[in-house]
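Undergrad: Start from chain B and add chain P according to the hints.
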Amino acid sequence: DQQVKQNSPSLSVQEGRISILNCDYTNSMFDYFLWYKKYPAEGPTFLISISSIKDKNEDGRFTVFLNKSAKHLSLHIVPSQPGDSAVYFCAASYTDKLIFGTGTRLQVFP
Amino acid sequence: SQTIHQWPATLVQPVGSPLSLECTVEGTSNPNLYWYRQAAGRGLQLLFYSVGIGQISSEVPQNLSASRPQDRQFILSSKKLLLSDSGFYLCAWSVGNAYEQYFGPGTRLTVT
Chain B
165 DQQVKQNSPS
175 LSVQEGRISI
185 LNCDYTNSMF
195 DYFLWYKKYP
205 AEGPTFLISI
215 SSIKDKNEDG
225 RFTVFLNKSA
235 KHLSLHIVPS
245 QPGDSAVYFC
255 AASYTDKLIF
265 GTGTRLQVFP
Chain P
187 SQTIHQWPAT
197 LVQPVGSPLS
207 LECTVEGTSN
217 PNLYWYRQAA
227 GRGLQLLFYS
237 VGIGQISSEV
247 PQNLSASRPQ
257 DRQFILSSKK
267 LLLSDSGFYL
277 CAWSVGNAYE
287 QYFGPGTRLT
297 VT
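Just so you know, the sequences run in chain order B and P.
Sequential numbering of the first sequence, starting at 165, is according to the numbering used here.
Sequential numbering of the second sequence, starting at 187, is according to the numbering used here.
Chain B extracted, bound-state conformation:
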């Protein structure tokens, strides 16, 4: 039972344009959501997070939106840069554990 889903395994975006990565969840008890970025053969790096009591959090080029009624969150990267090419995981917090999605591979091309 996949409680956190990233239905798009890959996304290709031109440099300078907006990248939108999506994540859906099923458990309404999740109280905090996070995005991680992962390069090959490295551990994930924490990127940005949002509490379930908010609907938006912004940090530089990265913005996370949360739609609780739809059980959906998204990560916007604008403008996209070649260095953003990586696998992005969304995660949801339940008690003291994180439940991860399967990841979306973002490729930013010139």
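Hints were generated in silico from the structure; no laboratory data involved.
Here the structure is a predicted model, which means the values were calculated and not measured.
There are no misleading hints in this set.
Straight-line distance between alpha carbons at most 25 Å, and here's what the computed SDA-like set of lysine to any residue pairs gives:
1. B/201 <-> P/280
2. B/261 <-> P/189
3. B/261 <-> P/188
TA: Chain P alone, transformed into the frame defined by chain B:
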């Protein structure tokens, strides 16, 4: 600042052999520690977590075990590896009630 170490970085082991992966954290006290596995084409699966010395919670029944002999040391073990144990193993830490977890560089395990 906090640092997390994992070793070895890569490991190739035959089926039936034992396993010991080590993780240590520097720069913080009483961290929460986690072991995850990323299988090919899959997300991160939580295997074990620990909130203190000797306190281990298992998330997935399997032939792996974990131990926390010291405050900032977390060990993942197996007595006999299976082919299905192949994957990328990640250690992570967090502090107190913070949601954010911070990951180590990972160990690529290939069981042949």
